[in-house]
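*Asks:* Chains as they are written, first to last, in numbering that gives the first Met the number 0: chain A, 0 to 132; chain B, 0 to 148.
Where hints are given, some of them may not hold.
Said to hold, decoys possible - Cβ-Cβ distance ranges computed for the label pairs, FRET-style:
(1) A:T128 to B:Q127: 51 to 59 angstroms
(2) B:Q123 to A:G74: 17 to 25 angstroms
(3) B:G57 to A:V38: 34 to 42 angstroms
What the hints assert, rightly or not - Listed next, the stretches of chain A that the computed footprint assigns to chain B, with coverage defined by at least 3 CB atoms under 8 angstroms from CB atoms of chain B:
(4) 22–28
(5) 38–49
(6) 52–60
(7) 64–71
(8) 82–94
(9) 114–124
Hints in this document: simulated from the structure, not taken from any laboratory. Even for Gly, the Cβ is constructed at its ideal location relative to N, Cα and C.
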Amino acid sequence: MRRLIAIGILASSAVLPSAVPAAPLDGSAPMLCALSSVVECGRKGDCERSSSEEAGIPAFIRVNVPQRLLSSLDGARTSPIMNVQRSNGQLMLQGTQNERVWGAVIDEASGRMSATAGEADGAFVLIGTCIAP
Amino acid sequence: MQLSMKALTGVGVLFAAAAVAPGIVVAQGYVYPTRGQSPQQQQKDQGECHVWATQQTGVNPGAMAPPPSGPTGQVAGTAARGAAIGAVGGAIGGNAGKGAAIGAATGALVGGFRRADQRRAAEQSQAQASAAYGNANAACLEGRGYTVK
């Protein structure tokens, strides 16, 4: 019985939140964002749902504000972060790359994220969630 | 009419040749030697016609990358798609996929995104290029005494 209680205590300590707080989502530590939805819009105002695979967007994107860099998991694709702002618990990031401008807003409490990437002929809308692993 | 073994072998050679062009559907089905050409001669003719068609159209199906699809974030796949889009964009004259092509070439993250219309333009251009190659190849083979269907 004593052994069972000990196992129970160990198991619950593994499941319950640890005393060490998770890294914040305020940009002070690297974050990992997972995309859950991708929408593409063209010049005619036509928008359609897409997938990260179809659109050539990595399903997971690392956001490293200290290094001012977005990157794919393998690091093969990157985009510099040019502007960082925080306001009312929202982390806002902006950048440009190859005649495209992008912007992302991350809720620092929940990790909810939405982003857009636009060019002259259309734009992407990305929805996802970020964590600070 | 009964197909000769020679003709059957010839058809087999065609499929073997078609297999070197992964991901590309060339507008060509069967090649039948109407002048009784040997399989060796047919293979030679097909090889020469491939070279001729490539020279005439600037399209080499064996060297073309498949249309954009599949997983992303991998250097090789991205580069291949970028190359395909870039080549097609240059061939047709539009700038659809310009950002994607540049993005793929440089490992750009946001610059490598591809919109549906850009993907469709790339696929359409690739289909047109394949059709042009197929027509040229068929013309060459027919000129050398083969029926191409």
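*Asks:* For each hint, tell me whether it holds in the structure or not.
*Replies:* Consistency of the hints with the structure:
The supplied range of 51 to 59 angstroms is broken by A:T128 and B:Q127, whose beta-carbon atoms lie about 41 angstroms from each other. Take B:Q123 and A:G74: their Cβ atoms lie about 33 angstroms apart, and the range 17 to 25 angstroms is violated. Between B:G57 and A:V38 the beta carbon distance is about 36 angstroms. The supplied range of 34 to 42 angstroms therefore holds. Residues of the segment 22–28 of chain A lying with their CB closer than 8 angstroms to a CB of chain B number 0, which falls below the three-residue condition for coverage.
Check result for the segment 38–49 of chain A against chain B: holds, 4 residues qualifying (beta carbon to beta carbon below 8 angstroms, three or more required). Coverage of the segment 52–60 of chain A by chain B holds. Counting CB-CB distances below 8 angstroms, 8 residues qualify, and the rule asks for three or more. Counting residues of the segment 64–71 of chain A whose C-beta sits closer than 8 angstroms to any C-beta of chain B gives 3, which meets the bar of three, so the coverage hint holds. Counting residues of the segment 82–94 of chain A whose C-beta sits closer than 8 angstroms to any C-beta of chain B gives 1, which falls short of three, so the coverage hint is violated.
Residues of the segment 114–124 of chain A lying with their CB closer than 8 angstroms to a CB of chain B number 5, which satisfies the three-residue condition for coverage.
Of the numbered hints given earlier, the model fails hints 1, 2, 4, 8; all others are met.
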